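K.L.:
Sequence:
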Amino acid sequence: MNKDETEIMSSMFRSYYEKADGLYVNELSKREIGYIPFNGTMIRHQKVDPGNAGNGMRIFAMKTVPRHLYNSVAFYRKPDERLMKEKEWLGAEVIFDLDADHIEGSSEMSYENTLDEVKKHTERLIHRYLTGILGLSEDSLSVYFSGGRGYHVHILKEEFFDMNSDQRREISNLVRGEGLKSKEFCEVAKNGIYSGKGWVNDIDIAFSEAMEKAIFGNVGKDALLSRIQNYYEKKNDMKTEGQKKKKVIPGPEKYAFLLKDELELLDRIINNMREELSCEIDEPVTTDVHRLIRFTNSLHGKTGLQVKRVKIEDLHSFEPLNEAIPKIFLEGELKVSSKTPFTIRMLKKNFTIDKDTVVPEYVGIYSILSGKGMLE
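Residue 1 is where the sequence shown starts when you use the numbering used here, and the numbers rise one by one after that.
Any given hint could turn out to be false.
[To be verified] DEER-style ranges, computed between Cβ atoms: (1) Asp101 - Gly242: 42 to 52 Å; (2) Asp101 - Arg274: 10 to 20 Å; (3) Gly54 - Lys3: 34 to 44 Å; (4) Asn39 - Ser370: 33 to 43 Å; (5) Lys157 - Asn52: 39 to 49 Å; (6) Gly40 - Lys183: 44 to 54 Å; (7) Ser29 - Pro341: 30 to 40 Å; (8) Glu81 - Lys339: 21 to 31 Å; (9) Ser137 - Asp4: 25 to 35 Å; (10) Lys302 - Thr352: 19 to 29 Å; (11) Asp4 - Lys302: 15 to 25 Å; (12) Glu81 - Lys3: 30 to 40 Å; (13) Pro37 - Met84: 20 to 30 Å; (14) Lys19 - Asp162: 30 to 40 Å.
Just so you know, the hints here were simulated from the structure itself, not pulled from any lab data. Everything numeric in this text was worked out from a predicted model, so none of it was measured. Beta carbons are placed, not taken as given, at the ideal position from N, Cα and C, and that holds for glycine.
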C-alpha cells in the first residue's frame with residue numbers, strides 16, 4: 001500500500017476499534033498480546049488487563065491500531081516478559097489452524113471456493129476427529145473464522161492444556177493421517193486393539209471389502225485385484241480356503257501375513273482414505289505451545305473481515321463473505337482500480353474491480369488490503 005492507502009486503512013481500522021464489541025478472550029491478563037501495525041513489524045510481549053467494564057483490549061487496539069492483532073494460546077504468569085522461560089508458562093489451549101495454503105489446488109480456486117473447501121476440512125476435523133474419535137463434547141470446542149482464508153478450532157478442555165509439543169503432535173498426526181503405511185499398519189492391526197472408530201477400524205473394513213471383491217467378486221479391469229484373484233483361483237487346498245475366509249472378515253487375523261499384492265492393495269486403500277478423510281491443518285500451530293493466534297473480533301489486515309466466532313451448529317451454513325463484514329464498513333463507498341480486473345462476491349452480490357470502480361466500502365477495503373486493487 002502507498003502512504004495515502006495506509007493512512008486511510010489505518011483510520012478505518014481505528015474507527016472500527018473505537019466501537020468494537022466482544023474484543024476479549026478468557027484469562028486476558030495471562031495472555032501475551034502481539035500485533036503488527038500498519039507501519040512496522042511484529043510487536044510482541046504485551047500485556048493487557050481487562051480494565052473497567054472489560055474495555056482494556058478495545059482501548060489498547062484504539063491506541064495501537066493493529067493491522068493484525070494476536071493473543072497467545074498459552075497462559076503465563078508474566079506474559080509481558082521478553083524471554084519465554086521468564087514468562088512462567090501455565091498451560092495452553094490446543095489449536096488447529098485450517099487454511100487454504102494447505103489445500104491442494106487452492107491456488108487455482110477463487111477466494112469463495114477456497115473458503116468452501118477449507119470449511120469441509122474444518123467440519124471433518126470437528127465431527128470425525130474431535131467429537132468422534134477423541135470423544136470431545138462440542139461445548140469444549142470453539143470455532144472461529146480467521147478473517148482470511150480459513151478457520152481456527154480451539155480445544156478449551158483444561159485436561160489438554162498441560163500437553164507438551166510431542167503429545168500435541170500425536171493429535172496432529174491422527175488428524176492428518178500421518179505415517180500410515182501398509183507394513184506399519186499391519187504391525188498395529190494384527191495386535192487386535194480396535195476401538196471401533198478411527199483409522200485402524202476404518203481401513204480394516206475397507207480392506208476386507210476390497211479383498212472380498214478380489215477373491216469372490218467381479219474385478220473388472222483392475223489389474224491388482226485380478227492378480228490377487230488369480231492367485232487364489234490357482235490354489236484350492238484347505239489351507240488356502242481358510243486364508244480366504246480370514247482375508248474378507250474384518251479383524252486382526254489376516255494382518256499376520258499378507259502377499260505382496262495384498263500389501264500393495266492395502267497401501268492403495270490407505271492412500272485413498274487419507275486423501276478422503278484427513279484434515280489439512282498447519283501442524284506447527286498445533287504443536288507450538290507458545291503460538292500467537294488471531295484475536296477474537298479483531299480485523300484481518302489482508303481482508304478487512306472480522307475474526308468471528310461461529311457456533312458449530314451454524315458452521316455448515318456460515319458464509320464469511322456475508323457474515324464477517326463489519327457493520328461500520330457497510331455504509332460508505334470507495335473508488336478503486338485494478339491492473340488485473342477481478343470479481344469478488346460479498347453480501348450475495350458480485351463486484352468486478354476494473355478501472356475507477358466505485359464500490360461499497362467493505363469491497364474497497366478488501367481490494368486494497370489484499371493487494372488486488374488500489375485506491376483512486
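K.L.:
All the hints need checking, so say for each whether the structure fits it.
P.N.:
Here is what the structure says about each hint:
1. Checked against the hint of 42 to 52 Å, the pair Asp101 and Gly242 passes, with Cβ atoms roughly 50 Å apart.
2. The given range of 10 to 20 Å is respected by Asp101 and Arg274, whose C-beta atoms sit roughly 19 Å from each other.
3. The hint said 34 to 44 Å for the Cβ distance between Gly54 and Lys3, and at roughly 35 Å that hint holds.
4. Checked against the hint of 33 to 43 Å, the pair Asn39 and Ser370 fails, with Cβ atoms roughly 19 Å apart.
5. For Lys157 and Asn52, the hinted distance range of 39 to 49 Å is not satisfied, since their beta carbons lie about 31 Å from each other.
6. A hinted range of 44 to 54 Å holds for the C-beta pair Gly40 and Lys183, which are about 52 Å apart.
7. Look at Ser29 against Pro341: about 48 Å separates their beta carbons, and that is not inside 30 to 40 Å.
8. Between Glu81 and Lys339 the beta carbons are some 46 Å apart, a value that contradicts the proposed interval 21 to 31 Å.
9. In this structure the hint that Ser137 and Asp4 lie 25 to 35 Å apart at CB is violated, the actual value being about 50 Å.
10. A beta carbon spacing of about 20 Å between Lys302 and Thr352 agrees with the range 19 to 29 Å that was offered as a hint.
11. At roughly 18 Å, the beta-carbon separation of Asp4 and Lys302 lies within the given 15 to 25 Å, and the hint holds.
12. For Glu81 and Lys3, the hinted distance range of 30 to 40 Å is satisfied, since their beta carbons lie about 35 Å from each other.
13. Between Pro37 and Met84 the CB atoms are about 23 Å apart, so this pair conforms to the stated range of 20 to 30 Å.
14. Look at Lys19 against Asp162: about 38 Å separates their beta carbons, and that is inside 30 to 40 Å.
In summary, the numbered hints that this structure violates are 4, 5, 7, 8, 9.
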